[in-house]
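Each chain, written out:
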Amino acid sequence: MRVNIQLTSSRELSLVILSALILVCALLMSQPSHAKVVHQERSMYRNILVEDTGNLRCLKFNVKSHKTNQSCFLKSEPNRLVFNYTKLLFSGLLVNPNPERILIIGLGGGTMSNTLHQLFPKARIENIEIDPAVIKVARQYFDFFENDIVTSQAKDGRIFIKRAKMKGEAYDWIILDAFNGDYIPEHLMTKEFLEETKDLLTDTGIVTANTFSVSKLYDYESATYQAVFGDFYQVKNKKNENRILLAGKKALPQKAVLEANLAAMHDRLKPFGVNTLQVFDSMTFDKDWQLDSSVLTDQYSPANLLNQ
Amino acid sequence: MTFRGQNLFIYLLAFTSGFSIMGVELLGGRILAPFFGSSVHIWGSIITVFMLSLSIGYLIGGKLSTRNANLFRYGLIFLVAGCLVMPIAYFANPIMEAIFLQIEDSRYGSLLASMALFFFPTIVLGMISPYSVRLLVTSKEESGQIAGILYFVSTLGSALGTIITSFYFVLYFEVNDIITAFSLILVLLGLAAITLGKKQLASQVAKEPAAQSEKKSQSNTSNEVIHES
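For the record, the sequence lines run as chains W and G.
First residue of the first sequence? That's 1 in this note's numbering, and the numbers climb one at a time after it.
First residue of the second sequence? That's 1001 in this note's numbering, and the numbers climb one at a time after it.
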């Protein structure tokens, strides 16, 4: 009898476990179909898609590819940065902790601009985005915030930078985020462009570029940054395809020097979901590219062909 | 009048001009990007200027072909076209910089820059098609077919010029090197046509007096015949 009861109860138990497993599996598998398309449009430059998956809202370009999430935020916690690479961009603050003028090339959902405005309410933040439709979508679906000192313009990044220099502007932090896994604007990869960008920096100014280069382009891109800025930090996680290149108008300090800012920055960035220690650990001066690679120039920049 | 393989030579030249036109047009996007960006309107400017200058070139080329069309003059068109393509490589930056400083709106800036860089060379390249038709056609019946073959050859050249430039040339060469190569090829082909054309003219001149004296003697004999009767 006792044996029997035990048997049935253990059978029941395994049944319960099994059905629970099935339920979990079903939930996991059905997750993609939970993604709800909130907005879809074909702009002059790309397909734009806004998708909700539960609490997570994402901006996507060119739907079919797997690396299409351009910008995401949690609707319940819009301050919290979702993407790893956006977190890695904050490595810039370890070098230059109090930027007063910030230029962002490539808006996405505007999450970077929003976060920086909260961190530095007095900083002037200018967002440059080539596609007016992206700016509209950022405003409408991603709470992209603008006021007197946080602005956006629909312009080509290269032209903006050229004109800004002519007007005598200067920035403490320039964020280049006009790249994604699918297409690279080739005129924003060249030595001439990076020189124009460097010219636009204040003496303590820095550049952080979020790029997705692989194969040969990785070597060419690295060689080009090295030629313009000298030694620069790479900030990357092993699991990601992209990397952040962190360079400065002047030579950047060694990591040992940056450690001093670590504790203070850790507390400031924590509310945004940024683990400063992790970011710091991801920074490296290592030159892991083909050192004799040629440099990309306005004359030679087949970036998209090299990135295969 | 014509040497063996002359038609083939003309088709080869028409093919090369089609190839260079589209090769240059495609590189136009690359040349303008540092000053005017890579927005859609850049291509609007470039294509507008190319279509406009080709249309003008067709008109002028057709008109020119009505007066004493020959291989020598045909070669001159290539020579001039090649010489006009060269400055795109060497003076593009100062020209674009001047325009960039004057015009804030990148639509009109890129339109003006395209005009400055591509308008004249493309007009001259456009003159080649109608002039080729004139040199190839010998009778009214075949004129349509010959025009058809010529469009086929030169447009095929354009297609290949587009794909080879964008897929391969930009991967192996600098923009200016490719432009210079187009320019040199046009100049060399022009010189070849000029040389052949000169020979042709010389042999024509040599034949003409003989032909005239023949005619004279013929008329003399007929006169005599009239006299006799």
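I should point out that these hints are in silico values taken from the structure, not numbers from a laboratory.
Be careful, since some hints might not be right.
Pairs of lysine to any residue residues, derived as SDA-like cross-links and limited to a Cα-Cα distance of at most 25 angstroms, are as follows [what the hints assert, rightly or not]: (1) W:K60 x W:P132; (2) W:K136 x W:H117; (3) W:K191 x W:L305; (4) W:K191 x G:T1180; (5) W:K165 x G:L1026; (6) W:K165 x G:S1158; (7) W:K162 x G:D1105; (8) W:K122 x W:Q153; (9) W:K249 x W:G273; (10) W:K155 x G:E1104; (11) W:K198 x G:A1098; (12) W:K136 x G:G1044; (13) W:K36 x W:P97; (14) W:K155 x G:T1180; (15) W:K155 x G:G1029; (16) W:K162 x G:Y1090; (17) W:K162 x G:W1043; (18) W:K198 x G:P1094; (19) W:K155 x W:C72; (20) W:K165 x G:L1101; (21) W:K165 x G:R1107; (22) W:K250 x W:P97; (23) W:K162 x G:L1026; (24) W:K162 x G:N1093; (25) W:K191 x G:E1104; (26) W:K155 x G:Y1108; (27) W:K216 x G:I1047; (28) W:K162 x G:F1169; (29) W:K136 x G:E1104.
Hint check results:
| no. | hint | verdict |
| --- | --- | --- |
| 1 | W:K60 x W:P132 | holds, 15 angstroms |
| 2 | W:K136 x W:H117 | holds, 19 angstroms |
| 3 | W:K191 x W:L305 | holds, 18 angstroms |
| 4 | W:K191 x G:T1180 | holds, 22 angstroms |
| 5 | W:K165 x G:L1026 | violated, 29 angstroms |
| 6 | W:K165 x G:S1158 | violated, 39 angstroms |
| 7 | W:K162 x G:D1105 | holds, 13 angstroms |
| 8 | W:K122 x W:Q153 | holds, 20 angstroms |
| 9 | W:K249 x W:G273 | violated, 29 angstroms |
| 10 | W:K155 x G:E1104 | holds, 12 angstroms |
| 11 | W:K198 x G:A1098 | holds, 22 angstroms |
| 12 | W:K136 x G:G1044 | holds, 24 angstroms |
| 13 | W:K36 x W:P97 | violated, 39 angstroms |
| 14 | W:K155 x G:T1180 | violated, 32 angstroms |
| 15 | W:K155 x G:G1029 | holds, 17 angstroms |
| 16 | W:K162 x G:Y1090 | holds, 21 angstroms |
| 17 | W:K162 x G:W1043 | holds, 20 angstroms |
| 18 | W:K198 x G:P1094 | holds, 22 angstroms |
| 19 | W:K155 x W:C72 | holds, 23 angstroms |
| 20 | W:K165 x G:L1101 | holds, 12 angstroms |
| 21 | W:K165 x G:R1107 | holds, 20 angstroms |
| 22 | W:K250 x W:P97 | holds, 15 angstroms |
| 23 | W:K162 x G:L1026 | holds, 24 angstroms |
| 24 | W:K162 x G:N1093 | holds, 14 angstroms |
| 25 | W:K191 x G:E1104 | holds, 24 angstroms |
| 26 | W:K155 x G:Y1108 | holds, 15 angstroms |
| 27 | W:K216 x G:I1047 | violated, 32 angstroms |
| 28 | W:K162 x G:F1169 | violated, 28 angstroms |
| 29 | W:K136 x G:E1104 | holds, 24 angstroms |
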